[in-house]
Structure formats: C-alpha cells, structure tokens
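Trainee: Protein sequence lines correspond, in order, to chains A and B.
Using numbering that gives the first Met the number 0, you'd call the opening residue of the first sequence number 0 and step up by one each time.
Using numbering that gives the first Met the number 0, you'd call the opening residue of the second sequence number 0 and step up by one each time.
Because the hints were derived from the structure by calculation, they are not lab data.
Because the structure is a prediction, the values reported are computed rather than measured.
The C-beta atom is built at its ideal place from N, Cα and C for all residues, glycine as well.
Some hints could be false.
[Claimed, not checked] SDA-like mimics (lysine to any residue), calculated; alpha carbons at most 20 Å apart, straight line: (1) K19(A) <-> P65(B); (2) K26(B) <-> D28(A); (3) K26(B) <-> T77(A).
[Stated by the list, open to error] Derived contacts from chain A toward chain B, CB cut-off under 8 Å, selection only: (4) K32; (5) F90; (6) C91; (7) L96; (8) Q97; (9) R125.
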Amino acid sequence: MKVELKVNGRASEVDVEPRKSLLDCLRDDLDLKATHAGCEHGVCGACTVIIDGQAVRSCLVLAVQGDGLDIRTAEGLTDCAGELDIVQDAFCDTHGLQCGYCTSGMILAAHALLLENQAPTQDDIRDAISGNICRCTGYGQIIEAVELAADRLRQRNARPDEALSAERGMA
Amino acid sequence: MTEQSSQNRFVSQPRRVREDRRFVAGKGRFVADIDIPGTLHVAFVAGTYAAARIESIDTSAALDMPGVVDIVTGDQLAAEIAPLMNGLDTPKVRRYPLAVGDVRYAGEWVCAVVAESREQAEDAADLVRVRYAKRDFVLDAEEALTREAPVVHPDHGSNVLLDKTFVWGGVEEDFDRSDEKLSLRVTWGRNSTVPIETFGVVAKWDPWERILDVWASIQMPKYADQIARALGLPGNGVRVHYDVDVGGSYGVKRGIKHTVLAGFFARRLGRPIRLIEDRIENMRAGDAHGPERIFDIDVAFNRDGTVRSMKMRALDNAGAYAGRAPFQLGKPIGAIVGPYRINSVQYHALSVTTNKTVEEAVRGFGQSPTNYAIETMMDRVAAHLGMDRLELRRRNLIRKEQFPYLIPSGTTYDSGDYHTVIDKVLLHADYDALVAERDRLRAEGQCAGIGIAACLEPSGGNSSFEPLLNEKNRTSTWMESVRINVDATGAVIVAIHTTSAGQGHETLAATVVGERLQIDPDAIRIVRPDSLESLPGNSPVGSRMAIMLGGAAARAADTLRAQILQIASHVSGIAEEKLTYREAAVHGPDGVVMDWAEIVDVTHRRFHDLPEGMSPGLSAQHILQVPTGTALPKDGKVQMYPCFSFEFHLVLIAFDPILAKPEIRRYVIGHDCGTVINPHIVRGMTLGGIAHGIGAALLEEFAYDDDGQLQTQSFLDYLMPSSHEVPNVEIVHHCTPSPHTEFGQKGSGESGYLGAPAAISGAIHDAIASRGITLDKLPIRMSAISDAIAAADAVQKKGIDV
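The following block holds chain A by itself, in its conformation from the complex (with noise of 0.2 Å):
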C-alpha cells in the first residue's frame, strides 16, 4: 500500500503493508534509526515521535496512518550534522542518559513538553516524562537536563516556543 509520510519536514512515498507500524517503517523504509523499538505494544515509549505537535509512540501508530501527518523525529532536531539542539545540549549537560536507547524518545517527549509548556514545574516534567521508561539514570538527570532545558530558552533573545521551532525547523 502506497502512503506519502512527512518526515521531518520532507515528504516520501513509501510503499508499506497495512500491518507495518510506523516505527517499522521509519526505521526500516526511511532509514531513520533514531527511533528505537523497545516493547512495541505502547508501554515504554523508546518509540517516541511528534506528530503534530504532540509525543506519540509509534509502535501504536500504523504507517498508513500517517499520511498527511507532521512526523517529527530525533534526527530532525537540528539542521547540521554535528549540531546540537538546547535541548539535546542540555541533557549533554547533566548527563541525563547512560546507554542511549531511550534517549531520542525521552528528548522528543521533552520538546513535546516545552512546545506548550515553556517553565514546566517538576512535577509537570515528571508527568511529561512518565510514559517514557528508562532503566539506566533512575530519571533525575533526566527531569535536571529538562529544566536546564526550559531555563535556557527562556534566557534566549525570542519566545521559547518560537524558539524552539526555529531549532527544530519548525518556524
């Protein structure tokens, strides 16, 4: 089944079975291998993506479904290869991840946050974060790297939501 997916601002046809998840196809039809694959029935949420706007696990979201969608994934966070985005700095920072596998999810749900919440509390963080599971940091340099975060586009020279776009290709 042919279906046209906008990835990270650009679109492309794919050509996918019904069942394909979209986790599978970003990652096995686009080669975008940020998203990772973790329990793939909606629980951990390594899959984690934007899409309009909001985190969505993509496990849970069917290719085909994703016609006409905005998908928004950890590789296009930033414009240069080599770049990192404040929030992808700011977890650099505190260290807010061990092995990696949970990273892009948990950052992309941190976006998803500062998207409408520019000084989110911690317990706002928290819930954020809450359906994104990471086994190796126990979260707390992960909820300090999301502040560090929030504070640092607050002290940028624009709105932190424009800002934020404009990191992300968004504007």
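Following the hints, complete the assembly by docking chain B onto the known chain A.
Mentor: Chain B in isolation, oriented as in the chain A frame:
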C-alpha cells in the same frame, strides 16, 4: 594509590560524558540499526507447556509460506553444534539454543523459522504444528529439592545443581557462647534488569575467509570463545564487533544461545542472519531472569547488640538450565558479613533447576539479594533486643582503623569509613527532623516508616567464585587491557576491548589517559577494535571497569611516559632523574627539554636519536591483572574482590493504611566509592541503581501461575518504575580511596541497587511494626501490604469485640 584526587586535572572533574553526543542525536549504533543487504530474519515457535515431551513437529505448512527459507528443530540443531557452556560441573544438564527432546519451561524456543522478513518468519512460525506429551513440572525451589519432585534433567539425576556448605570460623562455638539467637526467612522474588533494548544479534559467515562476523548487544565475558566452542570453529574464526552500542544491560545481555543459533544459520544458509528478540521473546525465553532466592538465617548475638555468628542457607531457583547464573551464589561470599564484624559464618549455597525461564547474571551478581537478607537480619536483631537499628549497626560495623580487614571467608576489605558516612547522611537528612516527620505522618493516620540499609559493593573481582564453586575450574585472573598509540601527527588513540552498555568507558579511558599524559581528554580518540584485534579482557561485569580498564589505561600511559623520559634523557644528555614529564612535555632544570612535537618527531622519524634497543613509534599497552587476585581458593577461602565501596541508604516512606501504595517521601544515600573518575557517571549509576532497587522492592516480578505460565510477560504486567515512582534522591559523598588502585577508585556500577531493596523493605516494616506484621518476600506489592494490615486490624478488632 600514586596520586591524590585533589591533584588531578581531569579525574574527578564534572566533565561531559563524551558518548552522550551521539546518543542525544539518535546516532548510537545499536544492533538493530545494522542493515546488511540480503539479511534473513529469525522468529520462534515457543513451547506452550512448562514441561512436555516433544512428540512431533510438523513444519510442512510453514515451509510453504512465502519468504520462508529454513526451519530447524532442536534435534536437528543438537546434531550439529556442541552444548552451551555450563559454569558448574554439571555436564548432563545440556543446554542448546532450542529445546531438544523436551520443553523445560513455558515459552522455551522449540524451533526457529528463517525467512526473508521478520513478519514472514512470524507468520510461518504460527503454522508449525507441535505435538506435546505433557509432563509433571516443578516451579518451586523447595519442592524441587524433594525426592518426589519431577526432575528437570533426568540424566543429571536430581534438580540440584549446587549444594555446598562453607564453615568459616567457630560457628557452633559462637552460637553456644551467644546470649541470644533468632531465625528468619526472607525471599527475593524473581526480577531482572529488563533493558529497554531487547537482546539482538546479527551474524554473517564468510565461506572464503572462513570467519563468522558477529554484531550483538552483548555484555559478556568470553563471548567469542563460547561462540567458537559451540559452533566448532577455531577461536580466530569468530570476530565479534565491539563497536556496537548496547541499549542497557546491567548484567543480563548474554545472548549466547541466540548468537550460536544465528551463527549456525549464517553458516548453513550462507546469508547474514538477524535475530532481534521481540518483547515477549525477551521476557519469556530470553533467558535473562535474575536470581530468585530463599534465605534461611540463624543469627547469634549478645544482649549488648554484638552479632557474633550467622548461619545462612541461600536456595536459588536457577530455572531450567544451568548457565553461569548459579555462580551468583558465589560472589556474596566475598562480602558475606557485609560491612559488619561477624566472627564466624556458615554458608549453605543451594541451586536447583525448575521449570522456569533460565536465570542470568543480574546487576550485583547475587549481592543485592544477599544484602537484603543481611540487612533484614540486622533489623530483626535490633527489634528483638529493643535496640535502635542505627545503634545496632554502629556497634557492629567495621571501624575505620581496622582496615585492611579480613573477613571469615578469606577476603580482606581494602578501606572504608562507614561510621563517618552514616554520620554525614544523618546530618544531611537531619535525622531527628526526619523522625519527627514520620511521627507527624503517623499522627495524621498514615502508615509511615524509616528504613536504613548499609551495604558493600565488592568491585573489580577476578571471578574466583568459579574455582570456589567448581574445583575443575582454575580461574585466577580476570584481566583487562588498554593499548595507547601516538601517531605521527602526535594524535593519541586509545583502544579498549569491549562493548559498553551506557557505563561511559570511552569517557573513563580518555579521562585517565588524559590525566596521565596531561593532555586534553577530548583530543583523545577512543577506538574499539573487534575481538580478533583485541587484547584480552573480560567485559564490564562485576563493577570492575573503573578499577580494571581505568587501571590498565593509567599503566599503559605510565609506560609511555617512562619511554618519553628515557628518550629525552638520551637526546639531551640530562640524567633521567633530573627530568620531569609535565604538560605533555619533558622539563629539565632549565626549562623544556623536549615538547610533544619533538617527542613525536623522534619516535616516528629519528631512529638515530633513540636510545639503543628502543623500538621506533610511540605505543604502549598494559594487560592488568586484578589487584590482590593472585591465588586459587584454599580451604574454602579466597580473596575474591580487591575493592569495597560502601553505601548507606536512609528512606522515609508513607502510605495510606487501606490503599497501601508506598510513597517515598525522602531518599538519602551516603556513597563512598573512593576516588570518582567522572562525577556525572557515578551519580547516574547511583540514581539508576536506586530506581532499579525500588522496582525490585515494590514492583517487579516474573510471576508464574499454577500451570507454570509466565504471567508478567509484557510491560503492562511487569511493572517498572516510571518518573512517578522514583523520587528525588539526595547523594551524600564521601571518599575513602582504595590503596589498590591507580587513583584510589573503587567500583560504582551496582551501587543503589544493592541497598535500596533492603532500605525500602525496612521502611515498610517500620511503618507497620506496631501491627506486628512482617512481609518477608520481595517485591512487597501494595496489595500485600493492605491485605496484611486489614488482616491484622481485623484480628485486633475481634480481640477488642471479644
């Protein structure tokens, strides 16, 4: 220790972790990311019973499915490969990647289907028809010990894999002379580390070179050797690629059965094979469950609180096959008295087979369950004597001035200052205020309790539990290696010889080499050669890499420095003892004698300037033997680990007596792992370990129903702590350097997990102590608490009514 941490430029500094950059960009290289054209995919037919004879397997319909290339049964496989290695001397407990003859646990892989895509392999697997004849099965470890129990491996003769009793010191005399004795039983439930990435492997056979290439999410010692043995290949016919990022492991990523199967198919079919577990395969048949252990303890003590002797029986449920897991009864011997001065110990280690999923190494390698047992014992002794739990521990803890301290089982602890760590934690937490807060919560009608747990993290071991538990095993080294090369441009390349699963080994090696060579660690390139290009090593197990990889890196760098000084002396004519190496240059009495560029120039181009007998180039390697690990066990005693980190947990928990959902209100941990190489990494390990411990204490269990079916085989049933369950944790640092290591470092990879379950259990018991309840099995689910409270309250109410 050759340098104080305060003199370090890079070691102990809060520098960024270099690996993080690729991961935040989604550019890690995990095994599932490896795409080789022409790859075939594997799916499995899973056994449906806990125990059954496989009577027939009909693959005809499956073979007719589109894309299917091959299907292999256990019998076919067993005819062509050797059994997987057992740790213990149990040759009749044969284990293969697929069930041979019998299914021995529900979900065990019965046959493997290979197809052009994973979906096609799964579709075909559904059409394989297996006829079973059900057999009797056994799930419970105690039942497995009985004469009437079904035997999981009849050729072996019984379910007992290991039955060994050690007596260290005058146990009976100490029991006779003690004022008091008590007995307790606690049970550690079956849980595991359950990484978010399942195990996966890609294998490719080159029939012309006759070499098997393996990419895997592996954390396992002697992995390449075991693949070669099982497949009948020479050791140099297997090439494991260590530059694969492992998506979490914490001990369990040891997919040897998966790898042997993938390697078998790669050779048989001449095409690359990809075997990535899906979640149900991982939970049910990935053979990665952790220890499930019943402890029976008798303890003898005096009325003043002095604990004199302990008899511990540890009965471990290994599941259906032996593997390496039973050795997890051995590691705790290296710290069998915990941080306490217990004069004598009897330890009875028992491991049995049952019809459950196979057990694998889990973070701490048996230390966490044992620590839960020891700390619960200390709480019970305090309660029995009516003594404060802190006071009881203080009286029994080894004192700072008693190090190095020899424990009854033959290990000497290196260093520690346990009393100070505890004092610092209590001061930080304002213990009196914490007690007042607990009492305030109680006055509001909540159940509130404070839990404490001390514990040791043995680190850097030389696997001497192997010869201790299996006399045919003569292991007395568990080396690790580093090679440093300075190229003709002066750039530094450091080779490490292992995979990593988030432990930051690249940062570790770069920091240490940068420290020793006094160059910016960020300018150092870290490479991971494959297994054929590697020096010997044993992978990141047993909290060893700060000690062993860090130690090897420091010593290789020291060799380079010595070579540089020799060259500078030769070229300048200044005696070596008047020269110093500083800031990547050699300094003499009158300033710089030789800078880095010249050192490189001499070594790479000017052979005529080298001292006689010196080889050109600037390169060094070091293969580090475990510090203190020099001898085989004697009389049941051995020096097992060189370094012992200490931690002290203090936790306040409150819950409603009816709902009984424990809420962690405060969590403080005192942590002493000697000199910290990278503070971010150690902090992350500590916090992550505590989260893992919260899971083991309250949530996580591989639970089986009466038919032997695993009930918790998805993330909807196997509950792991989310950001809502893990509180803010306050870490109080202390540093007691180890005398055995280059910078005074000790291990820290298991911390948190080792003490958290005991502390949380202790807090829950403090909260319900007034009702006279004990909950002696982990995890302590909220339903268990609320049921126990309701039952106790009902009894009390009845008493009042009467």
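Trainee: Now look at each hint and say whether the structure bears it out.
Mentor: Against the structure, the hints come out as follows:
Distance hint between K19(A) and P65(B) is fulfilled; the C-alpha atoms sit about 17 Å from each other, no more than 20 Å. The suggested pairing of K26(B) with D28(A) holds, with an alpha-carbon distance near 17 Å, which does not exceed 20 Å. This hinted pair checks out: K26(B) and T77(A) have alpha carbons roughly 13 Å apart, not beyond 20 Å. Taking 8 Å as the C-beta cut-off, the interface hint given for K32(A) holds, the closest approach to chain B being about 4 Å.
With 8 Å as the threshold, the beta carbon of F90(A) comes within range of chain B, its nearest partner Cβ sitting at about 5 Å, so the hint holds. A hinted interface residue such as C91(A) counts as satisfied when its beta carbon comes closer than 8 Å to some beta carbon of chain B; here the least separation is about 4 Å, so the hint holds. The interface hint given for L96(A) holds, since its Cβ lies 6 Å from the closest Cβ of chain B, which is under the 8 Å cut-off. Satisfaction of the interface hint for Q97(A) is found here, the shortest Cβ-Cβ separation to chain B being roughly 3 Å, below the 8 Å cut-off.
A cut of 8 Å between beta carbons decides the hint on R125(A): the least distance to chain B is about 4 Å, and the hint holds.
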